[in-house]
Amino acid sequence: MNFDKLRREFRDPEYAYSYADGFLNSYIATQLKVLREQRGWTQEKLAQESGMMQARISVLENVNYSSWSISTLRRLARALGVRLKVSLEEFGTLLPELEHFERKSLQRLPLAKDPVFGVLEITSQIGSQAESAPRHPRGGPLMQYHPTGAVSQLEKTG
Amino acid sequence: MMMWKIYEFLDNRSDGIIETWLRQQKIQKPAIALFEQKLRLLQTAGPELPPGLLAHLGGCIYKLKVRAQGVQLRPMLCKGPIEDDTEFTLLIGAVERGNRLEPIDAQDRAEENRRIILANPLRRRIYEL
Chain A
1 MNFDKLRREF RDPEYAYSYA DGFLNSYIAT QLKVLREQRG WTQEKLAQES
51 GMMQARISVL ENVNYSSWSI STLRRLARAL GVRLKVSLEE FGTLLPELEH
101 FERKSLQRLP LAKDPVFGVL EITSQIGSQA ESAPRHPRGG PLMQYHPTGA
151 VSQLEKTG
Chain B
159 MMMWKIYEFL DNRSDGIIET WLRQQKIQKP AIALFEQKLR LLQTAGPELP
209 PGLLAHLGGC IYKLKVRAQG VQLRPMLCKG PIEDDTEFTL LIGAVERGNR
259 LEPIDAQDRA EENRRIILAN PLRRRIYEL
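Protein chains in written order, with the working numbering: chain A, 1 to 158; chain B, 159 to 287.
None of these hints come from the bench; they were simulated from the model.
Heads up, a few of these hints could be off.
[As the list claims (entries may be wrong)] A short list of chain B residues far from chain A (calculated; beta carbon distances all over 10 Å):
id, residue
1, Gly174
2, Glu194
3, Thr202
4, His214
[To be verified] Here are the computed lysine-lysine pairs in the PhoX-like style, where the Cα-Cα straight-line distance is at most 20 Å:
id, chain 1, residue 1, chain 2, residue 2
5, B, Lys223, B, Lys163
6, A, Lys104, A, Lys85
7, A, Lys5, B, Lys163
8, B, Lys237, A, Lys5
9, B, Lys237, B, Lys163
10, B, Lys163, B, Lys187
[Said to hold, decoys possible] Output of the computed footprint for chain B on chain A, the stretches with three or more beta carbons under 8 Å from beta carbons of chain B:
id, stretch
11, 13-20
12, 54-68
On a predicted model such as this, the values are computed, not experimentally measured, just so you know.
Positions of the beta carbon are idealized from the N, C-alpha and C atoms, including for glycine.
Looking at chain A on its own, in the form it has when it is part of the complex (with noise of 0.2 Å):
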């Protein structure tokens, strides 16, 4: 991918500030229909579980929306099983930002599938995985992680 232009446009700072942002805006909307549909999910179901009218999702998930604030990405992350992370960046990490925006590199696994934590306890709902699921003791649903990325229920521990 060329960037020579980009390079010459970015040393006007009025340029270089709005197109960040217009990246960031972009970013965030096609990520959230990204796992949204990783997970099968349809905006009215995000919105059941993120506690949001689906109106509001559809308005989310667009690359010109830039009203966003930390309290509704931290639910939307909750409701999709990610955290959210925050981070003040140098303006040349963009590139290759743009150069790997793409579906894949936009995936993330949800934390009951995330192969790093192995066998997980879920004590929170997670989707539709966790609503017919045995109880633990303290109110949430046992979920085991496969190797395969299939979760499934453990056996009530008592």
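Starting from the known structure of chain A, fit chain B onto it as the hints suggest.
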């Protein structure tokens, strides 16, 4: 990773129609940055992945949706028209004010410019990003 090529229509004087439009409309630098950021998104991710990037207007014409400070940029484009699976061509610049397009006949003019390119593929050039 597949990349789309982005072209722009050349007018009778062989000037890029988008370059001229941005200059004549006095579009400010922050708005141009957002416009070019959305075009880069189209180039790298294609039309399906980024939600709300394009709106289909009918026939072969789409509008790119760019919400900039105080102005809604709505440049019109089409897939191809030479290679529909790998290219987009910007056909005319437009803005939207209160659900009204300016110029009001932008879609018809975009279609006309698309036909001109089909008849003469030299009436376009790569839009540098």
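Results for each hint:
| no. | hint | result |
| --- | --- | --- |
| 1 | Gly174 | holds, 13 Å |
| 2 | Glu194 | violated, 7 Å |
| 3 | Thr202 | violated, 5 Å |
| 4 | His214 | holds, 16 Å |
| 5 | B/Lys223 to B/Lys163 | holds, 18 Å |
| 6 | A/Lys104 to A/Lys85 | holds, 18 Å |
| 7 | A/Lys5 to B/Lys163 | holds, 16 Å |
| 8 | B/Lys237 to A/Lys5 | violated, 24 Å |
| 9 | B/Lys237 to B/Lys163 | holds, 10 Å |
| 10 | B/Lys163 to B/Lys187 | violated, 23 Å |
| 11 | 13-20 | holds (count 6) |
| 12 | 54-68 | holds (count 6) |
Of the hints listed earlier, those the structure fails to meet are numbers 2, 3, 8, 10, in rising order.
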